[in-house]
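Asker: Dock chain one against chain two, each of which comes alone in its own frame, and use the hints as you go.
Going down the list, the sequences are from chains W and F. Everything in the first sequence is counted per the numbering used here, starting at 1 for the first residue and increasing by one. Everything in the second sequence is counted per the numbering used here, starting at 1 for the first residue and increasing by one.
Where hints are given, some of them may not hold.
What the simulated footprint calls covered on chain W by chain F, stretch by stretch (three residues with Cβ under 8 angstroms from a Cβ of chain F suffice, anywhere in the stretch; the number is not a length) [what the hints assert, rightly or not]:
1) 8–22
2) 113–123
3) 242–256
4) 274–281
Listing some non-contacts, in silico: residues in chain W with all C-beta distances to chain F over 10 angstroms [stated by the list, open to error]:
5) 211
6) 222
7) 237
Quick list of simulated restraints, FRET-style, between CB atoms [as the list claims (entries may be wrong)]:
8) 104(F) to 275(W): 17 to 27 angstroms
9) 50(W) to 184(F): 49 to 59 angstroms
10) 53(F) to 68(W): 32 to 42 angstroms
11) 29(F) to 243(W): 40 to 50 angstroms
12) 53(F) to 69(W): 53 to 63 angstroms
13) 234(W) to 143(F): 28 to 38 angstroms
14) 181(F) to 50(W): 47 to 57 angstroms
15) 70(F) to 253(W): 25 to 35 angstroms
16) 249(W) to 150(F): 17 to 27 angstroms
17) 190(W) to 142(F): 50 to 60 angstroms
18) 34(F) to 268(W): 54 to 64 angstroms
19) 184(F) to 188(W): 51 to 61 angstroms
Keep in mind that the hints were calculated from the coordinates and are not lab data. Where a beta carbon is used, it is the ideal one built from N, C-alpha and C, also for glycine.
Letter by letter, the chains look like this.
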Amino acid sequence: MSQASTEIIRISGHAGAVPGAGLNREFQVCKLVDTTTCIGCKACEVACLEWNGYTFTQTSFNNSYQTMPETAWNYWNLIKFNEHERDDGSMMLLMRKDQCMHCEEPGCLEACPADGAIVQYANGIVDFQEAHCIGCGYCVTGCPFNIPKFSPEAHKVFKCTLCNDRVSVGLEPACIKACPTGCLHFGTKSEMKELAEFRAEQLRDVSGFADAGVYDPAGVGGTHVIYVLHDAKNPELYGGLPKDPHIPYSVWLWKKPLKWLGNLAMIGGIVGLALHYLRVGPKKEEPIPPEDRGPS
Amino acid sequence: MSTTDTVRRPRTTTDFDEELIPRYSFVERVNHWFGAATYSYCLITGLAFWTPYLYWLAAIVGGGPTARFWHPWFGIFFVVSQFLMFLHWGGDMEMDNDDRVWADNIKAYIENEDDKLPPVGRFNWGQKLYFWAMVGSTILLLLSGFVLWYVEAVPWSIHILRYVAILIHASVAVLTIGLFLIHVYMSTLLEEGSFASMVHGTVTRAWAWTFHRKWYYEVTGRSRPKQ
Ligand code: HEM
Ligand code: SF4
Ligand code: SF4
Numbered sequence: 001m002s003q004a005s006t007e008i009i010r011i012s013g014h015a016g017a018v019p020g021a022g023l024n025r026e027f028q029v030c031k032l033v034d035t036t037t038c039i040g041c042k043a044c045e046v047a048c049l050e051w052n053g054y055t056f057t058q059t060s061f062n063n064s065y066q067t068m069p070e071t072a073w074n075y076w077n078l079i080k081f082n083e084h085e086r087d088d089g090s091m092m093l094l095m096r097k098d099q100c101m102h103c104e105e106p107g108c109l110e111a112c113p114a115d116g117a118i119v120q121y122a123n124g125i126v127d128f129q130e131a132h133c134i135g136c137g138y139c140v141t142g143c144p145f146n147i148p149k150f151s152p153e154a155h156k157v158f159k160c161t162l163c164n165d166r167v168s169v170g171l172e173p174a175c176i177k178a179c180p181t182g183c184l185h186f187g188t189k190s191e192m193k194e195l196a197e198f199r200a201e202q203l204r205d206v207s208g209f210a211d212a213g214v215y216d217p218a219g220v221g222g223t224h225v226i227y228v229l230h231d232a233k234n235p236e237l238y239g240g241l242p243k244d245p246h247i248p249y250s251v252w253l254w255k256k257p258l259k260w261l262g263n264l265a266m267i268g269g270i271v272g273l274a275l276h277y278l279r280v281g282p283k284k285e286e287p288i289p290p291e292d293r294g295p296s
Numbered sequence: 001m002s003t004t005d006t007v008r009r010p011r012t013t014t015d016f017d018e019e020l021i022p023r024y025s026f027v028e029r030v031n032h033w034f035g036a037a038t039y040s041y042c043l044i045t046g047l048a049f050w051t052p053y054l055y056w057l058a059a060i061v062g063g064g065p066t067a068r069f070w071h072p073w074f075g076i077f078f079v080v081s082q083f084l085m086f087l088h089w090g091g092d093m094e095m096d097n098d099d100r101v102w103a104d105n106i107k108a109y110i111e112n113e114d115d116k117l118p119p120v121g122r123f124n125w126g127q128k129l130y131f132w133a134m135v136g137s138t139i140l141l142l143l144s145g146f147v148l149w150y151v152e153a154v155p156w157s158i159h160i161l162r163y164v165a166i167l168i169h170a171s172v173a174v175l176t177i178g179l180f181l182i183h184v185y186m187s188t189l190l191e192e193g194s195f196a197s198m199v200h201g202t203v204t205r206a207w208a209w210t211f212h213r214k215w216y217y218e219v220t221g222r223s224r225p226k227q
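Bound conformation, chain F alone (with noise of 0.2 angstroms):
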């Protein structure tokens, strides 16, 4: 990693340049607060049940049978927000061979030297993997927790049943947990502009150029230069 990092080039962007295009629709931008909102809820209660060092959280959410009530119905208003973002954006998500070749090099992108990677479409190798990884973790999270939910529903004839579901559930959750600390921090405080056009739906057209250039050339009709 290198300090001149910083003062690489000259930073001066044109009116061209922060000129804004549509990133995200109205639609997309609702459904995926919605996801961000209904997991929040998901993680607060959750974590309360998961530690006595985090019982407090149930207290901020209405106390512990409160919280117990609601957390299956938000997880599964969680999985209505998935199902809903698999439509929007299921498409965009597939990887190619510019993602498996970044994904290779994804030290690069780590250490912010993001100018040694391949070109990115509407979405990187990284916002692919944690979207097809929390795809697959709702769907885990759902079967487990249902058979968590209805505890009178499983006979004791099959009570290994509830011992799978618990050790599936608590470890998808945390691994949720883990992506979702990693997506919250990139989109926040990392990537400069991408909250942002979760709440606007726009971005620059430098940011476009800078972290997703092969959907700039695409939605601003320019056909990739030859090298």
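The following block holds chain W by itself, in its conformation from the complex (with noise of 0.2 angstroms):
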């Protein structure tokens, strides 16, 4: 994005074109989660602290390799570890790094109510501008992947940046730079989601994961974070991964026809009673009759 004020179009006593022009400039980023060659190192994890300046907190234990059970305001990259049986009853662990999918239609965005408090930049990153932030909790509404999450301390909500500050001056994510195994890529989206392709068809035809696939939900428009899956078929099994996430049809339903309705309603019953006092005018008290009047 940053690249792209600063793409020369012409150049003084220079023969002939401008060298790159015409090129086609992709600005869409994308995170891409291998997680057929994670090893639940939480490198990541730690990397993410370490770059967004928390410490570790106090977290339980849940029988589970799993650090705390869903992400928290000052913890936004978690492994998801998942225990799966398989058809032949050997067992497989799912692990999966969740962290914000950055959504290309963004529940959390469409809910909000204060202004300026999240925005969606060109290159596809969904951040949050505490500042404006006033902890009303709507994203959390609004988000189908379980994502914003609210600090009773500083009454407003955090979630990943997906390292926005590192990303605009050309740097990768904290989590990519600390992965050890590679599982764990940045890039433009079309290369990540060629990137991503290709390994799935990998594991298909040479690992025997005949349904291995690329998660990168329709429903949202697509993420700035996609997965590969051993079994694209059922992402449930990784923790919680919806199948079919959309913005949910309540939030549609709450900030479209309702506010529409709402505000019809409230105009228009304004108007209906400044129509009525113009047209029959105030009631106003009537003498009582004699027979009615004096000491009973």
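Answerer: Written out as structure tokens, the structure is:
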């Protein structure tokens, strides 16, 4: 994005065409998480804490390798560990890095009432601007992935930024930098999509995972975090990844028809009352007729 | 509707007609304005969250986060006022047969042809309807408001509760706003003397006779004249 403004279009004293003119630049970024090569080392969890300046907080032990039950306002990146029994009776540990998906059609942003509390950049990153957040929690209602988390201390909501601060100066997100197996990749959306499809094909053709595939859900217009799954037909196995995520229907109902009906009713009501007054005017007290007057 | 309404009869009231009789006690009035103030605060802040076009309303009560912090608390204060109102007026708000006839002829009331309506007690059918609708709405706003209030207290496994709560809260709020607009219009502009009655606690005998005739007979100790 930032490069777009410094793209050279004319050069003084230059013979011939401007180098790079007509080149198609893609600014849409994407993080690729290959769950099939994740070893559950949690380096990304630590890197996320370090870069974003959080310290580790107390958590609960739930008979699992998982650090905590779900991401927290000060813990944006969590490997979800899921024991899965395959048809042949053997056990598989499915590990999925959970974080904000940076939806193309973000439910959090759709629901938010505060001017400027959530923005979506042209590169696809959905970023919360805590200075403008009022802590209403509407984003929690709007997100289909259970990502925004309310901080009772700050009375504001926090989530993964896709390291917008790093990406905007040409660095890759901290989690990507830390991953020792290379199961995390960062690049343009089309590059990552291509790499993911290649890997899924490899899993299908070579590794015997017939249902391997890429998770880039169309219900939210695609996401800027995509997964390679051994079993793309059952994303729920990976710690509750929704099969067909979309902005909740109730949020649509609330933000679209209800808003317009409500606005119409309120404005119509005010106009109606004003017209009523102009037409019939005030009700005034009447003199009491003699038979009802005087002491009883 | 007739344009001759205003010249229908000579409007001369006697000193007797203009004598004041008590209508609302001091406590009733304080609680009414407590309810009005807390509702208005919820209204202003609620509308700020309702639409971006009214988000500026949050600024006049101290900004978005402040509005978000106080809205539920003022909601609770409003619930308290509603509860006290219920204690004060609940008994007088019961519907009777005259109310049902009144409701069937509400068109006459809307067209200011009040003399075509059956006599009214301390409150008319419209006021009673407003009262009970507000009582019901308050309960729904309280229940749904609580779900929205404590964001971190609703676990993901039952997050459907948040969907239900926001739809109920927003629709019931809009319903009460409609009723509230009518209420404010009628008591300030439409029915002259109503607003003053809630400020001073008194009305003239003529006012009582005109708008609440059964109540007039009751409080003045005269029986209804035989027809
Ligand atoms: C009875 C206690 C009440 C509680 C606990 C409560 C709580 C809440 C909460 C937590 C929200 C979410 C946003 C925020 O917190 O600022 C909200 C929104 C709202 N409230 Fe209330 N509230 C109450 C009463 C009322 C009343 C009396 C009104 C009357 C107008 C009202 C109107 C609204 C509106 C219009 C919204 C915004 C809905 C939207 O964004 O579509 N609330 N309320
Ligand atoms: S995953 Fe949730 S928080 Fe992240 S962009 Fe999508 S809707 Fe918003
Ligand atoms: S909590 Fe903050 S970010 Fe979330 S919807 Fe409310 S104002 Fe927007």
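Asker: Could you run down the list of hints and mark each one as holding or not?
Answerer: Hints and how they fare:
Counting residues of the segment 8–22 of chain W whose C-beta sits closer than 8 angstroms to any C-beta of chain F gives 0, which falls short of three, so the coverage hint is violated. Given a C-beta distance limit of less than 8 angstroms, the hint that chain F covers the segment 113–123 of chain W holds, as 3 residues qualify and 3 suffice. Counting residues of the segment 242–256 of chain W whose beta carbon lies closer than 8 angstroms to any beta carbon of chain F gives 5, which reaches the threshold of three, so the coverage claim holds. Check result for the segment 274–281 of chain W against chain F: holds, 5 residues qualifying (beta carbon to beta carbon below 8 angstroms, three or more required).
Non-interface call for residue 211(W) relative to chain F: holds, since the shortest CB-CB distance, roughly 26 angstroms, exceeds 10 angstroms. Separation of residue 222(W) from chain F is adequate, the least Cβ-Cβ distance of about 23 angstroms exceeding the 10 angstroms criterion. The Cβ of residue 237(W) sits about 17 angstroms from the closest Cβ of chain F, beyond the 10 angstroms cut-off, so the non-interface label holds. In this structure the hint that residue 104(F) and residue 275(W) lie 17 to 27 angstroms apart at CB holds, the actual value being about 24 angstroms.
Taken as a hint, the range 49 to 59 angstroms holds for the pair residue 50(W) and residue 184(F), whose Cβ atoms sit roughly 57 angstroms apart. In this structure the supplied range 32 to 42 angstroms holds for residue 53(F) paired with residue 68(W), their Cβ-Cβ distance being about 40 angstroms. The given range of 40 to 50 angstroms is broken by residue 29(F) and residue 243(W), whose C-beta atoms sit roughly 59 angstroms from each other. Between residue 53(F) and residue 69(W) the Cβ separation comes to about 39 angstroms, which falls outside the hinted range of 53 to 63 angstroms.
Judged by the Cβ atoms, the range 28 to 38 angstroms given for residue 234(W) and residue 143(F) holds: they are separated by roughly 37 angstroms. In this structure the hint that residue 181(F) and residue 50(W) lie 47 to 57 angstroms apart at CB holds, the actual value being about 55 angstroms. Distance hint check for residue 70(F) and residue 253(W): the Cβ-Cβ separation is about 28 angstroms, which falls inside the suggested range of 25 to 35 angstroms. Taking 17 to 27 angstroms as the suggested C-beta distance range, the pair residue 249(W) and residue 150(F) conforms, at roughly 24 angstroms.
The hinted window of 50 to 60 angstroms between residue 190(W) and residue 142(F) holds, with their beta carbons roughly 51 angstroms apart. Distance hint check for residue 34(F) and residue 268(W): the Cβ-Cβ separation is about 30 angstroms, which falls outside the suggested range of 54 to 64 angstroms. About 57 angstroms separates the C-beta atoms of residue 184(F) and residue 188(W), a value consistent with the hinted range of 51 to 61 angstroms.
Figure legend: structure checked against the earlier numbered hints; hints not met, in rising order: 1, 11, 12, 18.
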